[in-house]
Structures are given as C-alpha cells and as structure tokens.
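Required output: the full structure, derived from the provided sequences and hints.
The residues making up each chain are set out below.
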Amino acid sequence: MEEIKKIARELLAENKVQVVLGFEKGTANKVRPAFFTKAEDIDKLIYNEACIHNIALYLKKDTCQHAKGVAITATPNVVRSILQLSAENQITEEKIHIIGITHEGKCAGILDFKAAEEFSKTQPKGLKPEDKALIEKIQAMSLEERFDYWVEAFSPCIKCYACRASCPMCYCGKCNVETNNPQWIPVASHKYGNVEWHMMRAMHLAGRCINCGECNRSCPVDIPLNILSYMLSDFVLDEFDSEAGLNSVFTSALSAYTVVDKENFIK
Amino acid sequence: MARIGVFICHCGENISATVDCPKVSEVAAKFPGVAYSVDYKYMCSDPGQSLVVNAIKEHKLTGIVVSACSPRMHEPTFRRACAEAGLNPYLCEMANIREHCSWVHEKGDRTDQKAIDVVRMMVEKVKRNNALMSIKVPVTKTALVIGGGVAGIQAALDIANAGHKVVMVEREPSIGGHMSQLSETFPTLDCSQCILTPRMVEVAQNPNITLYTYAEVESVEGFVGNFNVKIRKKAKSIDETLCNGCGMCTTKCPQKKIPNEFELGMGNRPAIYVPFPQAVPNVPVIDRLNCTYYKNGKCKICEKFCQPKAIRFDQEDEIIEVAVGAISICTGFDVKKTDFFPEYGYGKHKDIIDGLQFERMASASGPTLGAIRRPSDGAEPKKIVFVACAGSRDPAKGIEYCSKICCMYTAKHAILYKHKVHDGTAYIFYMDIRAAGKNYDEFTRRAIEEDNAQYIRGRVSSIYERDGKLIVIGTDTLMNHETVEIEADMVVLATAGVANQGAEELAQKLHVSYDQHRFFSEAHPKLKPVETNTAGIYLAGACQSPKDIPESVAAASGVAGKISCLFSSSELTREPLIAFVDRIAAPDYSSCTGCFLCQPVCPYNAIEKEDIKDRAGNLIKSLAYINPGLCQGCGTCVAICKSKSIDIDGYTNQQMYSEVDALLNS
Ligand SMILES: Cc1cc2nc3c(=O)[nH]c(=O)nc-3n(C[C@H](O)[C@H](O)[C@H](O)COP(=O)(O)OP(=O)(O)OC[C@H]3O[C@@H](n4cnc5c(N)ncnc54)[C@H](O)[C@@H]3O)c2cc1C
Ligand code: SF4
Ligand code: SF4
Chain V
-2 MEEIKKIARE LLAENKVQVV LGFEKGTANK VRPAFFTKAE DIDKLIYNEA CIHNIALYLK
58 KDTCQHAKGV AITATPNVVR SILQLSAENQ ITEEKIHIIG ITHEGKCAGI LDFKAAEEFS
118 KTQPKGLKPE DKALIEKIQA MSLEERFDYW VEAFSPCIKC YACRASCPMC YCGKCNVETN
178 NPQWIPVASH KYGNVEWHMM RAMHLAGRCI NCGECNRSCP VDIPLNILSY MLSDFVLDEF
238 DSEAGLNSVF TSALSAYTVV DKENFIK
Chain A
3 MARIGVFICH CGENISATVD CPKVSEVAAK FPGVAYSVDY KYMCSDPGQS LVVNAIKEHK
63 LTGIVVSACS PRMHEPTFRR ACAEAGLNPY LCEMANIREH CSWVHEKGDR TDQKAIDVVR
123 MMVEKVKRNN ALMSIKVPVT KTALVIGGGV AGIQAALDIA NAGHKVVMVE REPSIGGHMS
183 QLSETFPTLD CSQCILTPRM VEVAQNPNIT LYTYAEVESV EGFVGNFNVK IRKKAKSIDE
243 TLCNGCGMCT TKCPQKKIPN EFELGMGNRP AIYVPFPQAV PNVPVIDRLN CTYYKNGKCK
303 ICEKFCQPKA IRFDQEDEII EVAVGAISIC TGFDVKKTDF FPEYGYGKHK DIIDGLQFER
363 MASASGPTLG AIRRPSDGAE PKKIVFVACA GSRDPAKGIE YCSKICCMYT AKHAILYKHK
423 VHDGTAYIFY MDIRAAGKNY DEFTRRAIEE DNAQYIRGRV SSIYERDGKL IVIGTDTLMN
483 HETVEIEADM VVLATAGVAN QGAEELAQKL HVSYDQHRFF SEAHPKLKPV ETNTAGIYLA
543 GACQSPKDIP ESVAAASGVA GKISCLFSSS ELTREPLIAF VDRIAAPDYS SCTGCFLCQP
603 VCPYNAIEKE DIKDRAGNLI KSLAYINPGL CQGCGTCVAI CKSKSIDIDG YTNQQMYSEV
663 DALLNS
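Chains as they are written, first to last, in the numbering used here: chain V, -2 to 264; chain A, 3 to 668.
These aren't lab readings, by the way, just hints derived from the structure by calculation.
Accuracy of the hints is not assured; some may be wrong.
Said to hold, decoys possible - A partial selection of chain A residues facing chain V, derived with a Cβ cut-off under 10 Å: (1) LYS511; (2) SER515; (3) ASP590; (4) SER645.
Everything numeric in this text was worked out from a predicted model, so none of it was measured.
We treat Cβ as the ideally placed atom computed from N, Cα and C, and that holds for glycine.
Here you go:
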C-alpha cells in the first residue's frame, strides 16, 4: 500500500500527472472511487479487497479528459479495460500511468502498455463458483430454452441503465437507446423491449467486454448480465481467436477478418 | 406538409393482369400526405412521363412514388422527369409492384394488399427523403491496360487514337500474347505475325502510349476516375535507353540450352534473350535463374560484347506509380498442357502435343521452320490424329464449359497439315463441330471437302505407344458406337482454354469478381459484357472466357469506347447515395466516438480520420470521416457503428424505420 502511495505522491509532486484515480474511505466502512489532484491528499488514498469497482470507467470523465497526465491504481480488470480503451482509440499511452495491482493485492509498480499487456495475460480471470454453475446450467439448455431463460431474466429490468453507466466500454456519448429519431429501441420497460435493449448491449460488447462483471454488480434487480457477456466472450475467443483487453492496439473480432476465422456460423 | 404523388403503372398487362391498379391508386389516395394518385397504362411512355411532370407542377408535389417495375429499370427515367418538373430527382422513389408482386403472385386480394403495402412503405419513405445533389469527381484521363495480347493492343490503340494517354503493362518481355505464337489464323488463313506485328509496332510508336514490359501490377487503390496504380517493372538487367537491339549478346551467351517458353519447350534459348524476332520492344532480358553470372558470379560475356554498354547486372526492380482514370484487364488465357490427361499418357509421349505447339510447328519462324515433324524422331507424320474437346465440356475434369476456339483451330490445323504433308491423312475426333460465325462453317467444310479431313464423331478413351506408333482408341458414335483404332504417328490435343496464371491474384488486387474457373466476371452477361462490377474497371479478350481473335478485338474496341465515354468530360457525376458520419454542435462535434471500428470493415477504404482542433490547433477529438469520392454506399459501416453515427443518404435510419413501421403498423 505504501508503495502505491509513494508512486502516486511522486507523480503528482513532479507534475507528471494532474490526477490520480483511486479509492478513498467512504461512509460506514465502505470505499469509494476518488480523484486526487494534490500530493498532500494522497494520504487518503487506499487500496484493499473492498476496492473492486472498475475505475477505468472514470478515465473517460471530464476530470481525466482535461488532465495532461492521469495515474490510476489498476487491478487486472482495470488494466484490461485500459488496454481495450486504447485499442479503441479512446486513450493514449503518453497520458496514462498505470500503477498495477495484482490479483493478490500487491503493487506491481508502474506499467507501460507493453508491460500491461504482459500483466493482463498472466493475471487470472476470476469467475465465481456460482457464475460457473449458472453458465453450465445455461449451456445445457436448448436454444429455445435459453431464449426463454433470458426473456425471463430480463423481465425485472427497470431500464435504469446502471449497467451501462458502470461499464468502461459503454463510452458512447449518445447511446443507441437515446436515439429517438428513429427510436429503434423502446424506452419503456416491457418484456420484449427489455430483450431488445439487452441484446443490443450484448452485441455491442461482443469481442470488446473484458468481463469485469460491473454490470451485474451495479444492477439493482440482479440480472446476471456478466454471464451473458462472459458467454459471448467465450464464443468470440472460440470463433475468432480473439480476446478483449489483451492488446493496446486495434484487434477487433467483429470488424476485422483474419484467415483463421472459422466462420462456422455461415456454413 | 408533405404533398406526395403516387403513380401506379399497369406496365401494359404485366402488372394490371394480376394487380388491381385502379384499386391500389384509390387506396393510396387516402394515405396521409398523398395529394394525388393516379394509375396509367405505361408510366414510362412519353405521355406517362408528361403525366408525372404535369402532376408535380399542378399539385405542387413535394415527392413522388412511382409504383411500377424495379428501380433498376426506370428509376433514372422518373428521376429525370422529376428534374424536368423542377423537383429534386432524389425525391422520387420506386415501389416495385412488378418483380415483387405481379410477377411472383397470383391474382387476388392478398396480392392487391401486398401492392398497397409496398406503396404505403414507399410513401412513408419518400416523405423523409432529402433533396440531394449528385457528386462530381475529377477524372484522370489516362487508361491502364493490363496485358499486351491482341485485346490489350487493340484497346490501347483505340484509346490512344481517341486522344487519351494509355499505360500498358505486360508481364512478358514482349507484347503480342498468344496471337504472336500462332501460325495462320482461321477463317482466312492469313499469317498471324503479319497482321499482328504492325499493330505491336504501332503501340511502341504511339506517343500516347507508355509501354512497360516485363512488368506487373503491384497494387491498385482508389476508384473510378482516380486510381493510383503501382507497377513493378522487373529488372531486365539491361539499360533500355542504350540497347540498340543488335542481338550480339544473345548469340554470345554460353547458356544455350534453356527450354524456350515461346516455342513451348520445342526449342532452346540463351539466358539473355528476346522471346521472338519480331518482339516489341526489341530489347533482351537476362533470365537470372539460368544466367551463369547470377548462378556462379562469373561470366559477363554479354557485357563484353555489348557495344553500347547496356548490360546492368545490378539493376533492381523498379516501382512506378501512375494515376489513371480507368483500367482495362486484357490478361488473356492459357491452355491446359498434355500432362493434364492421364488417359493420354500424362504428357510422357513426345509425339502427343497440344494445339499451341502445333501452331509453333506450323509457323514459318517456329522450331521446325514450318515443317510438321514428330518431336521424337523428326520424321514427317503420315497419319495425324486431332482430338477436339480435350478436357473441355467434361464435368469429370472440372471443365464443363466449351473452349469455343478449338473446333475452329483444329479444322485449321487439319488444313495446314494437308498443305504441308500432301500424302498424309488427318483424323479429327470431335463431339460437335461448333462453327458459328461469319465464314466459319464454310471453313470447316473446306477442311472436310477440300482437304480431306476425316471427322470421327466420338471421344478418344486412351492413347498408348506401340512400336514407335501411337495407338488411338476411340468410338465412332455415328457408326453404332464402334470402337475405332488408329495407328497414328502424331497426336494433337485441342486442350481446354483456361484462365491465365495469376488471374485470381490480379482480381483480388483490383477488387473485381471472377467465376469458379477463375475467368474474370462481366457485370452483366448481356448488357454489360465488357464492364466489371467495379466502376471504371473493364475487361476484354480471353481473360473473360476463351475467345477467338475477332471477338477479343471487338470486345477491346468496346472497352475503348466505354473508356472514351468516361474520359469525354473532366468530371464524373455520381449518385450521392453515400454514407456520412454525423456532425453536431460543439462540444460534442459528432456522436462518433472515434473508435474507428468501422475503418477496417469498409471494402473501399473510404473511412478516414478527421481531427477536430480548437483555434490554437490543439486536438479536441478524432472522428471518422467518409471520403465521398470513395464510398460506394454499401452500408457495412452503418451496421458496425455502435453509436449509430453513420447514416446513408437516401437510405437513412429514419427512412428505413418508417418503411418498416408502415408495413407493421398499417
Ligand atoms: C492453339 C490455338 C490456336 C488459335 N488459333 C486462332 C485462330 O486461328 N484465329 C483466331 O481468331 N483465334 C485463334 N486462337 C485464339 C487466340 O489466341 C485468342 O483469341 C487471343 O490470343 C486472345 O487474345 P488476348 O489478348 O485476349 O489474350 P492473350 O493472347 O492470352 O494475351 C494476354 C496477354 O496478357 C499478358 N498477361 C497475362 N497476365 C498478365 C498480368 N497479370 N500482368 C500483365 N500482363 C499479363 C500475357 O503475357 C499476354 O501477353 C487460337 C488459340 C489457340 C490456343
Ligand atoms: S464505428 Fe462509429 S463511432 Fe466508431 S469511428 Fe466509426 S463512425 Fe465513429
Ligand atoms: S457505406 Fe460502405 S463504402 Fe461507404 S464508407 Fe461505409 S463501408 Fe465504406
């Protein structure tokens, strides 16, 4: 922890960065994401196992956008998000100083993008046992049963869009659901309207989602959206040999053709 | 407020026999926003068009729906009518109730209902159409001709004589193609070289033509009117500006036994060589794979004897960039070799040759100086068998098509043989004699009647060697399918004409389509026979399918006509139905997030990066920008863009949505 603080403090003091993105203590034993702009405030910077939010999300917010340099305390999920954002031309390496934190909570020092790619590949991806069980259950279903399962699963959705708000990959300024001329996706929350929204979101994330699980964590009605994304990522890996969050330069399964693409879905 | 006009066409009886046109018109009149609706026998006729023009003026229409045939047929007609009436032509839509309705359904209420639905959809669409301006793109008035066979030569000369610049790229050291290898040509028996050589020389001398031989197209970018082409000029190891074509080097080269490609292996050539005496340009090249110097680092004899000091051993391939407005593919064809035929001995019998080899043998400048000789022992063959359709029209061999030229050249071969070997007999195994063409049937009759060619209708099942003779086993289907056995001295296989080597790679470089046999595809088999699917790229000659000389030349002149039309003005008008990325007010500038996931999906490389900067020049945002000159409006980018930042003029999201909505919520 002290090491993280030391790095952050130095970066701010030397004016290499104007913002450090990390966590501070919240109310009632909770933690909350925080922007630190002064070296003396770094005392308040914390990191513990409660700090699970994917704060890469905030890299696209004004405070970070307007700064010349930004440092971020980055768990494996955050690192993957950063690499994917870079691959999609949303952030540049010169600006971002990654303070790596391993899945065991150890400081990995400052990572450039090359080191971050290595880090990303070697850090395990966590899937909770109950998630695994659910995936197995869904995989055992027929296609019709799966569809019915998801229609049912989406039905409590109140379209609060918390999943979108917490997702670092949902950075579009104008989301499709906000397009009302024409209104392809209905705003009201009803059975099939909900399906349309979640299908669209899943398709837009296919091959881009880094599987941090924020969507599910933020969902007030507990829809297992992370499972949907996880299964899609698995499919993309299988079909296109491509995995999001491992490369800082462009690799998009859905918009690039490579000779190893199996294209089984056409045959 | 929209004031839409609906014009229902009967198309004679094509539509009205199945669809109740007056009823459709009546119903359409009540659609919201429709100010005028009418049905008429032939909307595309002069009175029909006047009806449209007058209605637009009289009823102050803001858009029209012509409910008739496919827009492919008459959209341009009615757009013109709109323009004549002072309405923007892109405020016209076609509702196809012929191909989509009357031609594919039975008469009845449901068919009428479908016609009504189709019209309703288009009414809803046209209400959302925007007035569009056609796009002007500049035209570079230089044509690239790829391949210097007779087709390429004709195309180049015609275009050059129309006053335009031509760049010709030929893969071999000389232009001329297959025609330069032929002896005499059907149906007139004039000497091939004699009619071709003057045209080859003309190409070299025409000031409008720049000729690159021993060169290939490396890459092509751009679009109609504006292609950028990189040409790889392979190293000839000669300074062409110095060489005077004396030929000293070729006589002194110690390598003498390299199989001569031009003679199809029936003669030899040195390592430094000119493919044939009449070659254009008359400049030798060094075949580096076989040259002693390149192999062993020692020799340079040619250099010693070259008076103008033109030999350049260190020459490298050169990449030349040219800007052209149109491209003609004239890369010709090839023929299957005798090794393709297991039943005829896999090419291991020396005295079984292919048609092209026979041409060289019959040619006065060929390896036997025009005498017909068995390759094995040089004896004059007294019995010769020609096998037509060798490989062609044979699905089992993967070549189901007819190679078209073989019937004719086989008849020619039989005639030439008889002219040279008076006491010999020529047998021809054939499937049908296909001699359609001016003076063609007369020509084959001449072979039969005057030159005693023995035509046997049937296929040859096998050929084998016995005591220095070739035993040809076939059937005569006109004689009760009797087995025929001929003890021949020599056999000539009229092997199938196939796509040229490298055709597939070239097609991919040019983004044009090709068929399952790797022949280039025309845009329409009847109406666009010399165009490809890519605007500005044309094709002529045997690269499209086996063709004889008159056909190849006619196609080449057709291409020259097309290209001259394209070059007749300095600007090209294009339909403005292209994609664009939205632009909105600051601070967002666009809903585009600059993710550039759309960039790799565009098949025309039309998507570029545009940097939005503040007044001090600081970058605010990088956005996708679609080059209107390159975009073909395919819509692929629209589908990939997550934020729906891309729309296509004429097919906007709004227009599509309202069509679907009109259909589902009627
Ligand atoms: C045995 C035989 C006998 C024939 N006899 C007659 C006859 O008597 N009368 C008649 O009308 N027709 C005859 N023909 C048909 C005649 O040969 C063709 O019609 C004619 O050659 C077609 O011309 P072309 O220019 O399309 O193709 P080609 O003659 O094949 O010329 C193509 C040219 O393009 C060049 N090229 C190929 N690929 C590339 C590339 N990638 N880049 C650059 N250059 C390239 C080649 O080197 C060649 O010079 C005969 C054909 C054969 C096989
Ligand atoms: S895909 Fe859409 S958002 Fe991404 S760069 Fe292209 S236009 Fe912009
Ligand atoms: S519409 Fe097609 S051609 Fe035009 S920019 Fe989009 S992908 Fe490229």
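Against the structure, the hints come out as follows:
| no. | hint | verdict |
| --- | --- | --- |
| 1 | LYS511 | violated (17 Å) |
| 2 | SER515 | violated (17 Å) |
| 3 | ASP590 | holds (6 Å) |
| 4 | SER645 | holds (4 Å) |
When the structure is compared with the earlier hints, violations turn up for hints 1 and 2 and for no others.
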